[in-house]
Amino acid sequence: MTEIKKTYPIKGMHCASCVGVIEKSLKRTVGIKDAVVNLATEKATVTYDSDICNEEQISSAVDNVGYKVIIQQEAVSGDQEKQEKTKELKKLRIKVAVSLLFGGLIFWGSFPGLINIAPELLKNFWVQLLLATPVQFWAGWDFYRATIPALKHRTANMDTLVALGTTVAYVYSAFVIFFPSVVMDLGLEVMPYFDVATIVIGLILLGRYFEARAKGQTSEAIKKLIGMQAKTARVLRQAQDGKVKEIDVPIEQVVIGDVIRVRPGEKIPVDGVILEGESSIDESMITGESIPVDKAKGDTVVGATINKTGTFTYKANRVGQDSMLAQIIQLVQEAQGSKAPIQRIADLISSYFVPIVIMLAIATFAIWYVIGPSPVGESALLFALLNTVAVLIIACPCAMGLATPTAIMVGTGLGAEKGILIKDAESLEIAHKVTTVIFDKTGTLTQGKPEVTDLISTNKITKNELLKLAASIEKGSEHSLAEAIVKKAEEEKIDIESVSKFKAIAGHGVEGVVRKDKVSFGNRRLMERENIALGSYLEQIELLENEGKTVMMLGVNGKLAGLIAVADTIKDSSKDGITALQNKGIEVVMITGDNQRTAKAIASKLGIKRVLAEVLPDQKEAEVRKIQSEGKIVAMVGDGINDAPALAAADVGIAMGTGTDVAIEAADITLINKDLRTVASTIALSKKTMRTIKVNLFWAFGYNILLIPVAMGILYPFFQILLSPIFASVAMASSSISVVANSLLLKKYKI
Amino acid sequence: MTIDKIIVLIFSAIGIVFTYWFFLMKKEKVVVVTSDAVDIVVDGGYQPEIISIPKGRTTTINFLRKDPSGCLEEVVLSGFKIRKYLPLNQKISIEINPQKTGEYPFSCGMNMFHGKVMVI
Chain A
1 MTEIKKTYPI KGMHCASCVG VIEKSLKRTV GIKDAVVNLA TEKATVTYDS DICNEEQISS
61 AVDNVGYKVI IQQEAVSGDQ EKQEKTKELK KLRIKVAVSL LFGGLIFWGS FPGLINIAPE
121 LLKNFWVQLL LATPVQFWAG WDFYRATIPA LKHRTANMDT LVALGTTVAY VYSAFVIFFP
181 SVVMDLGLEV MPYFDVATIV IGLILLGRYF EARAKGQTSE AIKKLIGMQA KTARVLRQAQ
241 DGKVKEIDVP IEQVVIGDVI RVRPGEKIPV DGVILEGESS IDESMITGES IPVDKAKGDT
301 VVGATINKTG TFTYKANRVG QDSMLAQIIQ LVQEAQGSKA PIQRIADLIS SYFVPIVIML
361 AIATFAIWYV IGPSPVGESA LLFALLNTVA VLIIACPCAM GLATPTAIMV GTGLGAEKGI
421 LIKDAESLEI AHKVTTVIFD KTGTLTQGKP EVTDLISTNK ITKNELLKLA ASIEKGSEHS
481 LAEAIVKKAE EEKIDIESVS KFKAIAGHGV EGVVRKDKVS FGNRRLMERE NIALGSYLEQ
541 IELLENEGKT VMMLGVNGKL AGLIAVADTI KDSSKDGITA LQNKGIEVVM ITGDNQRTAK
601 AIASKLGIKR VLAEVLPDQK EAEVRKIQSE GKIVAMVGDG INDAPALAAA DVGIAMGTGT
661 DVAIEAADIT LINKDLRTVA STIALSKKTM RTIKVNLFWA FGYNILLIPV AMGILYPFFQ
721 ILLSPIFASV AMASSSISVV ANSLLLKKYK I
Chain B
1 MTIDKIIVLI FSAIGIVFTY WFFLMKKEKV VVVTSDAVDI VVDGGYQPEI ISIPKGRTTT
61 INFLRKDPSG CLEEVVLSGF KIRKYLPLNQ KISIEINPQK TGEYPFSCGM NMFHGKVMVI
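From first to last, the protein sequence lines stand for chains A and B. First residue of the first sequence: 1, per my numbering; consecutive thereafter. First residue of the second sequence: 1, per my numbering; consecutive thereafter.
This list has only true hints and no planted wrong ones.
Simulated coverage check for chain B against chain A, where a stretch passes if three residues somewhere in it have a Cβ under 8 Å from a Cβ of chain A:
1. 41-52
2. 88-101
3. 107-117
Below, in silico cross-link-like pairs of lysine to any residue (SDA-like), each with a Cα-Cα straight-line distance of 25 Å or less:
4. K84/B - Q229/A
5. K100/B - I345/A
6. K43/A - V38/B
7. K152/A - S52/B
Which chain A residues stay away from chain B? Per the calculated CB distances, all over 12 Å, these:
8. L121
9. F137
10. R234
11. P645
12. P717
13. I726
What the hints contain is simulated information worked out from the structure, not anything from laboratory work. Heads up, the beta-carbon is just placed ideally off N, CA and C, and yes, glycines get one too.
Bound conformation, chain B alone (with noise of 0.2 Å):
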């Protein structure tokens, strides 16, 4: 084997272990939800992705979508059964009341972007 197959074969490796690690081992930072209404930014994904609000109380979140790519013109949030349209650089807010404690995940309208609300 030369010297340049050996190389490519390194970082080859290298950059499986390093996709596996950036994009399947992160870590999940979960913002919790103390006032009535949380704000998430649509750009790319969801920011804060993973919100965590207490059982049986109204929030509101609202969506700001920034992202101009078509992919995350929707949000579904199968568990409450929403599901919206999201204008650009518009504050759309949904309104929820979990009875339930768990994990409800929304993601955009292709099931490409995720992130989750955790009821505590």
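For reference, chain A alone in the conformation it holds in the complex (with noise of 0.2 Å):
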């Protein structure tokens, strides 16, 4: 007896008496031992006994009064379904095994040149009979079963075909033993074809188990993702005497706020911001950047990486769904169940694929009980059988239902692991077509931590003087250039002022009133607008930008004031993944709202030929846009926040990773290892899995496209050579594992 306790969400609730009904009836269903039902809550839990009783019982026992039960499929059912697989499995290899066995012994006793060193025994028919009819319906059953009920609903699948074909072999064989005269009176030989039937369910079983095997392996990379996630978490509690104790509680307990203390070498077990203490910490199986990064107070941690060194703790902050590893799982899921386009044409072939090959195969009947040639002794109605046998084997629908899912599950769990997320299986084809990549300069290819390093005042005031006024009026703005100016300012200990009629105009700057003065402080475009000239200073300015760095310019009641320099520091990884990105032949394009000096300047130092500059924000998807007029499949590459338009705009929409969301609404593609080189690894990566694809494509066409009418017999006029329904079981099985082994071997493939 295995006694389980667990809680469901109850859909439906309206009153105290509905509690009752339902704990009523939940407490009558057999198995049941107790059921509490809370209606604040909306949440049953129920205890039961697991041998007797499942979910689906508990489901129909509140379904019954008129509620609903909400079954969770929690991450962690991947347990549940190993298990079965596994059952599965096991069932399958006896299977194979008796059916080979069997039809060996069969083919022994009736396979020319075999059957001279045969035992009298296997020769007998009759025991061949009896050999053969477990396998049929015992082994084959699973093609019956399935059929049956399809039959019904006037569809067709592979166990049709195998059912059908080997049918035909068993009833064929079993008739020419009952009625031996009736099929001499035929003028044929009194032969079964018992091993037919045998071998061919023998082997497309064996072929199923090898791709069942297989197949597992194409999710693994999910199975990994769930199994990385921490068990216990040891939280710090207030007991009852006031104390703070440190105590293990399962991960699902952990809430919102908890504190949790990791020590060296454990996982971590939530989402959080560290309170206390310092580590370095594995994030690789995150961000697949394999080198652990130094967090100290106020970082931020992600559930099921690694503490290494330190112990520290800190406060949970996300945890169940909303946790990382779980918006990663998502992700990933709802990436395999996506279909890409490519699929498009083997999913209309596939559903008319089946009737058409019975067709065929009745055609094929026709044609050689008709016009085919009867070699001396043997006889057309021989011939006209096994080949339709071996149409209705060797037809493999399986192979281009298999070939694209398996290589996008393959594809995106790669990608996953390397902390490439890919949102569907779309963008994935998608992506090995781009021809050119914009990155969005700021906070992408740079860190977008600017920061100040040239204050240039002219005569009228002090740099002090001038850092304050620029402080003052860029307080209220949120421009990264702000923050930097606002930080400066903070170091150097200066008091901000108040500001009135603070205005901040898009693309241009900022104005406002401080101590009475009409303060304008932003771009060259702002001074323009204000007519402040900038004189002498130009040349200072151009200088400036000419080393990449962003000016803004003060104006005091309509008169220059100072100059700000601000510079933001390049990516270590910018170079290199442009590079990466150039040597594949892709265009690199940047975009940013910096002037065209300072762009130019900043440009160059990465090897960016081609730049846009002084772009305001709501233009960046126009830009985006007016490239993909060109003719060319364009990838945005941002932080998904600011330009967000711009990723939704683009063929393909990347968004590099900040903190711990990884879910970006307007990016198809997410990297969360920060690194840019990612970008050139994930355009491989599609070209990559689509290159398996269209193999697997053009083997499983070329497969049923090849040899469907080699079954039929269309070489034997020139060539005398026919396809025995053996030959044709061992041709389908071998294609189905070849596509999924083919997918498979994407995995070998290193990013």
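Could you fit the two chains together into a complex? Lean on the hints.
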């Protein structure tokens, strides 16, 4: 007896009487020990014996009284799937062994040549019938089991073909031995073909066995992700005596706000922010980045990563389905459930495939019977029959159905391991066609943390005064350059004054009144607007801009008061990432709000030739469309926040992950490792996956298009070649295995 | 041509026409879902095969697989990016909330069995 206690959400409860009704109905169900329903939380806690009761019964008990129970499929249910799979595989293995053994014995007793050294017993037709029957109806039961209800729905599938083919061989053979005189009257040899039916079943089951095992591996990545989850967390909780105690709690019970202690070598249970202590953390399982990251107070940590050196406490801020790992799992699962456009044609064909094969098989029979040659001693009927069986057996729609999804599953899984999260199969497909990659500058190519590098004041005010005015007016702005200036002022311990009539002018700068002075702070466009002459400072501005710095001008009451230059550091991986793309022949474009000169200076440092400068934030989308209209397939790389419309407009929107949010709405692909070289890897992964899919489809289609006519006997008039049904079954089994195996080869690919 | 050949030809022709009619000329029966949930039994196919649901409403589809064949062990609703393992004899609920009208096909993992969600 296995007692299980579980809580399920209930839908449709309105009042306290509902509670009683549901509880009563549940308790009346056989196997349920206890049921407690809570109206406030709308949940039922059920204690039941899983040997005699299952969730379906719980669900129907609640259904019966008019409510709905939500049986959750937690991420953990992978275990159950695995168990069921293992059981299935074991059953299949026994069936394969028995049918091949019996098939082999019949083969020994009936195949010309071998028959001479076979024991008398095996040559006996009745013994053969005895051996063939269990194989046909016990091992082969799966085929019938799938065929009968399918026929009821007037659909057909692989199993229909196998069931039809083997039944024809079996029934003919049985007929031959039961009514030998009838067969002889027809001028046929009394010769059963039990070996065909049994060996075909054995081989196809064998193929299925290998296929099932290989297919399990295609979704390994997701199982790995699920398995990464920590099981318990050490939470600091206040005990009744007021002391704080450390207790181990199951991960499901961790709530937001819990303080958790992590020691060296331990897995970090959920997402959160470090409160105390520091450590280096191995985040490779999430980001694919192998070098541990140093973290201290205030830094975010991600669940399922491993704490290497120090001990620290942190506050949980995302648990359960909101955690980063859960989001990643969800994203990968979604991607694996989506369909690549390339699959459409395979879909279309496979929906007509089986009926067409059945019609071809009938035609084969007719043609062979009516105009087929009948060599000496053989009859037309026998040829017609064997070729018909061969056609039914050799057709393999499974290979077509497996070609695309298995490759997509391996490809998206491989990406996830390397920190490349692909939203759907379509994005993965388009990515390989990309000809142009547009990078947003700030925060993508650069750190996004600009710093003040130069302060130049005109003679009217001091440098401190300049910084003070600039910082005062920028205090209210959210621009990243503003942050740099405010930070600088804080460092210099400069007090900030209050501002009135503050106004931000998009793409220009900010304005306001400080101590009765009208202050304008922004770019050259703002100065033009305000009619502030730059005079001799123009030269200096251009000089700074040529160094890749962004220069902002401060005007006080219509006169230039000073310049502040701000520069952003380029990310370490930017140059390599761009070179990697250019080596693939992909054009790289940089898009930025900076002026031409600054932008060009940064671009030339990175080796970028095409620059779109002075682009206002709301124009980025239009710029993407402009490049698309040149006939290019565009990928846009940005942070996914400021440039969401541009990401959405691009053929492929790639977001560089920020923090713990992986499900960036506008992005097709999210790179969580912040490494720009991954952009090129993503395109490479897409190319590789697409090549695998194309090989698979070519193989699957080619196989069916070539071998079905061969099985029909098209080569016979020229080369006297006929395909025995046994060979047909070998070919069929190997074709779907080879498709899956080819997809699995992708795993070997190093990004 | 002997009589047996003529008989074979006639029966083959009938067989081909019958196969075509039986599998490819089947009338599609649409089950209109009026409540918030619909049960689909997975047994040698999907029953009902075609369901029609209104746009913009969350509908729960409960798949119950009774067919032990591995072919039907997964259901794929690619339009909703869902690929789900269906344990034998266990109801698996999938919630969808389509925002666009149209046809959303679903199928088994190998794409051999098909069904459709029509959003109206």
